[in-house]
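Participant: Protein chains in written order, with the working numbering: chain A, 12 to 259; chain B, 12 to 259; chain C, 12 to 259.
Please note: incorrect hints may appear among the correct ones.
Since the list gives no way to pick out one identical chain from another, each pair is judged satisfied if it fits inside one copy or across any two copies.
Stated by the list, open to error - Below, computed lysine-lysine pairings styled on DSBU-like, alpha-carbon distance capped at 30 Å:
1) LYS186 <-> LYS228
2) LYS247 <-> LYS186
3) LYS29 <-> LYS247
4) LYS109 <-> LYS186
5) LYS109 <-> LYS29
6) LYS258 <-> LYS29
7) LYS258 <-> LYS109
8) LYS228 <-> LYS29
9) LYS258 <-> LYS186
If you are wondering where the hints come from, they were derived from the structure by calculation, not from laboratory data.
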Amino acid sequence: MPQLSTVIAQIESDPQLKVVVFDSAVPGFFLTHYDFTAPLDLTIRMAPGPTGLPPLPDMLVRLSRAPVVSIVQIRGRATGVGSELALASDMRFASREKAVLSQFEVGAGFVPGGGPMARLPRLVGRGRALEILLSGNDIPADVAERYGYVNRAVPDAELDHFVDALARRISTFDKQSIAEIKTLVNNVSLPTDSELAAEWRGFLASVQRPAAQQRIKMLLDIGLQRDPAVETNLAKYTGEVSNQVGKQ
Amino acid sequence: MPQLSTVIAQIESDPQLKVVVFDSAVPGFFLTHYDFTAPLDLTIRMAPGPTGLPPLPDMLVRLSRAPVVSIVQIRGRATGVGSELALASDMRFASREKAVLSQFEVGAGFVPGGGPMARLPRLVGRGRALEILLSGNDIPADVAERYGYVNRAVPDAELDHFVDALARRISTFDKQSIAEIKTLVNNVSLPTDSELAAEWRGFLASVQRPAAQQRIKMLLDIGLQRDPAVETNLAKYTGEVSNQVGKQ
Amino acid sequence: MPQLSTVIAQIESDPQLKVVVFDSAVPGFFLTHYDFTAPLDLTIRMAPGPTGLPPLPDMLVRLSRAPVVSIVQIRGRATGVGSELALASDMRFASREKAVLSQFEVGAGFVPGGGPMARLPRLVGRGRALEILLSGNDIPADVAERYGYVNRAVPDAELDHFVDALARRISTFDKQSIAEIKTLVNNVSLPTDSELAAEWRGFLASVQRPAAQQRIKMLLDIGLQRDPAVETNLAKYTGEVSNQVGKQ
């Protein structure tokens with residue numbers, strides 16, 4: 012969170028900056044979820060950001076509103092905060108072969124907190140948003156493209172070049188025109204702060220309930236946050252864990 | 012209508028229920044349209060439901076707002092109320108080979124009444140919504156998927172398994188989290204009651220005008236509600252009937 | 012502008028008219044952009060239209076609100092005002108082989124003025140809208156269809172027949188029902204006038220700034236508005252010109 016905070020502050024304040032690209036240095040993963048081994052108290056005690064929202068929604072909102080174009084390049088898993096960062100960015104391009112997006116949270120017994128209930132229906136429509144959010148299932152790149160969850164699924168071999176050419180092209184344009192176009196689009200397409208605040212409250216309340224605490228403990232026991240095979244098959248393991256809970 | 016009313020009341024009140032699936036026992040049809048042989052007076056005299064809306068929009072709104080996930084599995088024709096029930100549900104899955112969706116009403120000279128003017132633009136955008144609503148044409152499953160009218164068109168042989176696996180998966184999740192996620196999505200994606208009330212008034216007024224009465228009589232004479240071949244080729248027959256009216 | 016004004020007034024006032032189709036008599040082009048060789052003063056001095064908006068947004072809004080169905084058939088380039096006219100119309104059908112849509116303006120250093128920041132996010136979602144508006148890139152018909160920028164990309168050999176059959180079908184329907192359905196859809200899907208007014212102000216201010224004046228002069232020197240090869244490769248030339256500006 013502090014690293015992301017530094018990056019967002021730089022994006023907001025650099026007078027020359029026109030475009031940023033977010034990608035991952037970790038093979039197989041773009042960015043995944045909230046840290047369940049850290050004390051929850053650390054999250055609850057974090058002071059609100061400049062928008063008055065709690066830190067995570069605050070930073071994501073500021074990214075959406077910054078006078079800089081944010082492009083996400085997804086090669087690997089993006090779930091939880093990873094999906095939420097992608098949704099708060101301006102454009103999303105996914106490796107056709109290697110990208111998988113999801114909001115896995117419902118499978119672990121809690122409500123996502125970083126904006127997907129407000130952002131997904133505006134992007135993919137109510138029906139597909141509910142499918143993503145209530146199934147917690149993996150959405151491979153081709154389905155994500157069909158749904159509008161990402162702008163495009165690009166063949167993996169072409170993804171770097173595609174995103175680089177787009178970012179370089181935009182970087183030659185007039186910064187003021189970029190900022191004004193983005194503001195006009197934002198005015199008709201961004202969620203309100205109160206919608207985002209409601210999600211964060213929903214996350215904090217739900218993650219402390221027994222339904223979540225029990226599932227999270229079971230997932231940590233299986234290997235969540237330690238074993239890449241669990242993270243890579245999170246939809247399967249949330250299903251198994253929820254199935255066991257139901258039988259108790 | 013009374014049967015649907017009973018089902019909706021059960022969905023709202025069952026404390027254990029997490030998911031419902033709507034499908035059809037009639038080969039070739041999911042659900043079609045309003046009954047034109049019953050006296051219109053029966054419809055006009057129906058008392059408003061708990062939301063204050065007339066019964067049909069009332070029941071559809073309550074389905075959308077219920078703390079239960081509604082999944083529609085379409086194998087066959089869904090038009091009129093059939094399409095409107097699908098649009099009011101949370102997710103729509105269609106047989107790639109056998110599903111056809113439409114709002115045929117304009118071809119019979121009247122305005123749909125169960126919400127599609129409010130729901131379709133939010134789901135498929137203004138242009139495609141106007142095409143569906145103003146052409147009255149059949150939308151086969153692959154186009155419905157491309158437009159976002161349904162979540163996915165699934166090969167017919169896989170549809171039962173796909174929907175069953177999804178419904179069973181969701182049924183193992185925490186009911187309170189499901190309900191809270193759905194509410195947060197609803198808050199940013201559902202039509203207002205006044206938008207829905209306006210449609211019902213538009214339906215009631217238009218269906219009593221000569222343009223509708225003449226076309227409906229001609230369609231009943233041809234075999235509407237008696238001959239499956241008429242229902243299966245409704246777009247063709249509404250076109251023929253409207254063409255004849257224009258030449259008179 | 013006066014020609015379009017006459018057409019819009021006819022569409023609004025003809026009591027028999029149900030459908031209009033816009034296509035182009037110029038091979039390779041649907042409609043392109045604002046005239047940069049005319050004195051800007053001519054644009055600034057134009058009196059507001061009946062809606063109180065400046066003439067271009069006024070006419071486009073009136074087309075969207077007219078009780079007549081407007082269908083755009085795109086075979087060739089649609090950029091700038093051409094894309095904006097398409098977006099203000101009710102339905103868009105594109106030649107799969109020959110249609111290309113774009114909003115090229117950012118590449119020439121200014122903000123579009125005819126509504127695309129308000130209309131595109133509602134049609135294609137925020138991410139794809141920002142890609143179209145901030146890249147200024149060509150969007151071929153198949154991508155335009157996938158994004159929802161057009162209703163459908165139709166094989167070129169079938170396009171005339173497809174649009175003609177659709178327009179003739181609608182023309183046999185009841186005019187009052189058509190108008191009421193369109194109004195109900197408009198109520199939930201059209202931008203507000205103040206959103207459109209903000210775009211026009213953004214266009215007028217930005218087109219007079221040095222970033223735009225310099226790029227427009229360079230494009231005119233290369234052959235903009237004289238050489239079809241420049242218009243046909245506008246994304247390439249705006250990129251080259253912006254690249255040169257950056258190096259100065």
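Participant: Is it within a copy, between copies, both, or neither that the alpha carbon of LYS258 lies no farther than 30 Å from that of LYS109?
Facilitator: Classified as neither; 35 Å inside a copy, 37 Å across copies.
Participant: If the cutoff is 30 Å on CA atoms, where do LYS109 and LYS186 land: within, between, both or neither? Let me know, please.
Facilitator: Neither: 33 Å inside a copy, 33 Å across copies.
Participant: Up to 30 Å between alpha-carbons, please classify LYS186 paired with LYS228: within, between, both or neither.
Facilitator: This pair counts as between: shortest inter-copy Cα distance 19 Å, intra-copy 48 Å.
Participant: For LYS109 and LYS29, with the copy left unspecified, which applies at a CA distance of at most 30 Å: within, between, both, or neither?
Facilitator: Intra 28 Å, inter 33 Å, cutoff 30 Å: intra-copy only.
Participant: Checking LYS29 and LYS247: alpha-carbon separation at most 30 Å within a copy, between copies, both or neither?
Facilitator: between (40 Å within a copy, 20 Å between copies)
Participant: Regarding LYS258 and LYS29, is the shortest C-alpha distance of 30 Å or less found within a copy, between copies, in both, or in neither?
Facilitator: between (53 Å within a copy, 16 Å between copies)
Participant: 30 Å Cα cut-off: does LYS228 pair with LYS29 within a copy, between copies, both or neither?
Facilitator: Between copies, since 23 Å is at most 30 Å while 43 Å is not.
Participant: From the Cα coordinates, with 30 Å as the cut-off, is the pair LYS258 and LYS186 best called within, between, both, or neither?
Facilitator: between (58 Å within a copy, 15 Å between copies)
Participant: Are the CA atoms of LYS247 and LYS186 at most 30 Å apart within a copy, between copies, both, or neither?
Facilitator: between (45 Å within a copy, 19 Å between copies)
Hint compliance for this structure: hints 4 and 7 are broken, all remaining hints hold.
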